[in-house]
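There are 2 protein chains.
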Amino acid sequence: MRAEIITIGDEILIGQIVDTNSVFISKELNKIGVQVYQITSIQDDRVHILNALKDANERVDIVLVTGGLGPTKDDITKKTFLEYFEDKLVENKAVLQNIKTIFADYVGRKPLPSNLEQAQVPSKAKVLNNLYGTAPGMWMEKNKTVFVSMPGVPFEMKGLMENEVIPRIVEKFNRPFIYHKTLLTYGKGESQIEDLIKEWETALPSEIKLAYLPSLGRVRLRLSSSNTDELLLKQAVDSQMDVLHTMLKDIAIGYEDESTIQSRISEALLKKNSTLSVVESCTGGRIASEITEIAGASSYFKGGLIPYATQLKCDILGVDKAIIDAYSVVSVEVAEDMAMKSNKLFNTEFSVSTTGIAGPTKGDAHDEVGTVCIAVAGPERVVSEKFNFGNTRERVIGKAVNKAFEMLLKEISKN
Amino acid sequence: MRAEIITIGDEILIGQIVDTNSVFISKELNKIGVQVYQITSIQDDRVHILNALKDANERVDIVLVTGGLGPTKDDITKKTFLEYFEDKLVENKAVLQNIKTIFADYVGRKPLPSNLEQAQVPSKAKVLNNLYGTAPGMWMEKNKTVFVSMPGVPFEMKGLMENEVIPRIVEKFNRPFIYHKTLLTYGKGESQIEDLIKEWETALPSEIKLAYLPSLGRVRLRLSSSNTDELLLKQAVDSQMDVLHTMLKDIAIGYEDESTIQSRISEALLKKNSTLSVVESCTGGRIASEITEIAGASSYFKGGLIPYATQLKCDILGVDKAIIDAYSVVSVEVAEDMAMKSNKLFNTEFSVSTTGIAGPTKGDAHDEVGTVCIAVAGPERVVSEKFNFGNTRERVIGKAVNKAFEMLLKEISKN
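Chains A and B, in that order, give the protein sequences.
Per this note's numbering, the first sequence runs over residues 144 to 558.
Per this note's numbering, the second sequence runs over residues 144 to 558.
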């Protein structure tokens with residue numbers, strides 16, 4: 144079965160926000176075997192919304208709409224749904240109570256008339272309870288297609304998806320299983336990889352789709368398929384993936400799971416009851432920031448230092464000035480010393496360090512823009528490597544962070 | 144004139160990547176007066192691509208397509224363009240030379256046949272030179288609508304937009320001016336704001352559109368309009384914005400410009416030749432990371448410390464243990480001491496500190512999840528505030544980072 148996601152809001156079309164709602168919804172739908180056929184972003188405009196609903200009705204079995212449900216005048220989704228479904232508004236007591244409770248418990252003032260109006264819902268709608276906000280979700284049907292309307296606030300939309308929408312889809316529709324498995328590789332370009340695996344790719348069964356996803360120094364190779372028999376599906380994809388993995392064993396570093404590399408690092412550290420610190424020069428706190436996004440990070444992550452100015456590497460961290468003078472601040476020697484001193488300063492078992500030139504100018508270093516040295520110090524050894532990540536600041540930082548996580552996971556898993 | 148953006152790639156529809164290309168393209172088009180009417184994301188599927196091109200042809204004047212131009216078999220955009228335009232491939236000498244140069248200079252190996260095939264382009268296409276990759280852009284026309292095809296790699300797409308696509312659109316189309324101005328407010332919800340400004344909003348001329356954008360503790364209010372006369376357009380929007388700003392002066396903190404709050408902090412520091420450090424506990428490096436994304440940050444940003452474990456606040460930073468014992472680790476007193484000690488440790492004039500409970504569990508603090516204290520220490524004074532940012536780790540961190548930047552900019556601008 145097929146779904147379409149429609150995200151409504153001028154802010155998307157003028158590039159003022161990034162539409163992350165459709166990423167979340169796509170992932171959740173995939174998990175329950177619903178294929179997202181199209182994502183459509185449109186303006187807060189009556190005619191445009193009506194056209195988009197009509198077009199989607201012809202393409203898919205279920206349409207998930209986000210946005211345009213706020214209490215202010217620029218939000219017109221509910222009004223337009225009324226028109227599309229030829230319906231009228233009725234007051235919903237449960238929603239009214241929810242609005243009053245939210246205002247009493249969290250907002251600390253009386254709801255305004257515009258807030259209370261959010262309890263007016265289309266009479267044909269099945270109301271979906273929004274735990275985190277005043278705008279309810281709506282589930283409506285027309286010409287055998289289901290239309291779901293949810294608020295655009297990501298937090299509220301996520302709650303509605305998890306508690307209301309997904310369970311209802313699971314109950315209503317027969318769905319196949321969809322299965323993706325993605326191999327992470329580094330060190331070769333996509334055309335080189337294709338050349339290496341071309342015989343296997345040509346012989347790949349037509350129901351299994353291969354995709355190449357190059358990004359910031361890595362190529363991800365995804366196999367995707369769907370089947371009503373989950374066991375057969377997974378066996379078919381896994382066995383092809385095993386062949387692919389074997390062919391690419393020199394450049395493969397593992398699979399991309401639901402869990403990110405950060406959460407795999409988290410699991411590995413928790414499993415060995417170990418601790419981590421970071422010292423980031425050119426990555427400027429991004430590694431620490433991504434580590435601490437994970438709940439429970441405080442049980443293994445002790446802290447980080449960002450010695451952006453060279454002198455601070457010596458003053459606070461205690462890096463040997465002679466090493467910097469001998470090898471330059473961007474060197475594997477300095478990176479290694481930074482990582483080792485970080486374990487000392489923070490009293491940790493593992494540490495990762497970065498020192499490099501993100502650009503666009505070279506600062507006080509001798510090397511070219513894009514040069515980054517990364518080291519990981521563990522209880523038994525220190526490893527380091529020097530890279531050139533090319534140009535543009537954003538890409539250099541992004542590639543350095545990816546590489547640092549790869550090296551760190553490898554060392555933690557090894558020791 | 145109207146544009147549609149079509150992003151092609153299964154990875155978008157399964158939620159494996161966030162489509163940031165359409166954000167960039169939307170912004171760039173807005174700047175030159177092109178309204179983005181719709182963004183459509185579709186699968187790497189021949190029929191689907193053909194349908195999307197056909198539908199877009201009826202809706203808009205120009206269609207910008209990204210994705211599906213790689214050298215591997217899963218990329219079918221060029222082939223499908225051939226079919227849609229009833230065209231055939233011809234070799235383009237300049238593209239062939241570009242491919243050879245890129246391989247010789249950057250890749251360090253000979254191009255494979257699949258790489259060289261990227262020099263085959265539709266005969267009716269005007270080829271757009273890709274400085275950063277081997278897949279050229281294409282500019283084609285059908286039924287008076289322009290179709291532009293660009294690679295999906297953000298870096299390559301950006302180069303093509305800037306160097307090739309935007310100049311050609313500017314030359315070919317008559318465009319009005321589009322103007323957005325966004326006021327940043329904090330402390331009141333969107334319905335309260337609407338209630339405060341309702342008379343003014345009702346009297347707003349119909350050609351000026353007001354949008355409410357609530358997010359992580361802030362509401363942004365955007366006025367948008369377009370006109371062929373740039374001066375009249377800006378005067379009309381600016382004068383309405385002045386009225387709005389005056390009405391909301393107690394909660395307004397300024398305008399959202401092209402420049403982010405981070406770059407405004409950067410400018411303010413450069414202007415006074417001042418320096419900055421950060422000490423982040425609950426925000427875990429995110430503030431430093433966003434500061435160092437800006438090129439040239441090293442001239443004012445000296446460094447940061449992430450004393451995630453409480454003890455480190457004393458050991459490395461020198462926070463007085465008695466203050467922690469007396470007020471708890473999440474307190475304005477500790478935040479203030481952290482910020483002052485940070486200026487000492489990093490030898491800076493300004494410092495911002497965060498200490499709080501991002502959740503989901505409380506750790507070693509007494510306060511509720513979501514409690515965050517933020518302090519800014521400058522040459523003349525220290526300011527601090529205690530917040531409750533509610534629940535979910537992601538939101539607490541996000542709101543704390545936003546608030547820290549607001550407080551920091553205010554202090555730097557004041558002193």
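These are computed hints drawn from the structure, not numbers from a lab.
The beta carbon of each residue, even a glycine, is placed where N, CA and C say it ideally should be.
Be a bit skeptical, because a hint or two may be false.
[What the hints assert, rightly or not] Some chain A residues near chain B, calculated using beta-carbon distances under 8 Å: (1) Ile182; (2) Phe228; (3) Lys253; (4) Gln335; (5) Ile340; (6) Glu342; (7) Glu344; (8) Ser349; (9) Leu353; (10) Leu356; (11) Ser471.
[As the list claims (entries may be wrong)] List time: in silico BS3-like cross-link candidates among lysine-lysine, alpha-carbon distance up to 25 Å: (12) Lys170(B) <-> Lys243(B); (13) Lys341(A) <-> Lys269(B); (14) Lys415(B) <-> Lys301(B); (15) Lys505(B) <-> Lys253(A).
Outcome of the hint check:
no., hint, verdict
1, Ile182, "4 Å, holds"
2, Phe228, "22 Å, violated"
3, Lys253, "11 Å, violated"
4, Gln335, "7 Å, holds"
5, Ile340, "10 Å, violated"
6, Glu342, "13 Å, violated"
7, Glu344, "7 Å, holds"
8, Ser349, "12 Å, violated"
9, Leu353, "6 Å, holds"
10, Leu356, "6 Å, holds"
11, Ser471, "16 Å, violated"
12, Lys170(B) <-> Lys243(B), "33 Å, violated"
13, Lys341(A) <-> Lys269(B), "32 Å, violated"
14, Lys415(B) <-> Lys301(B), "33 Å, violated"
15, Lys505(B) <-> Lys253(A), "30 Å, violated"
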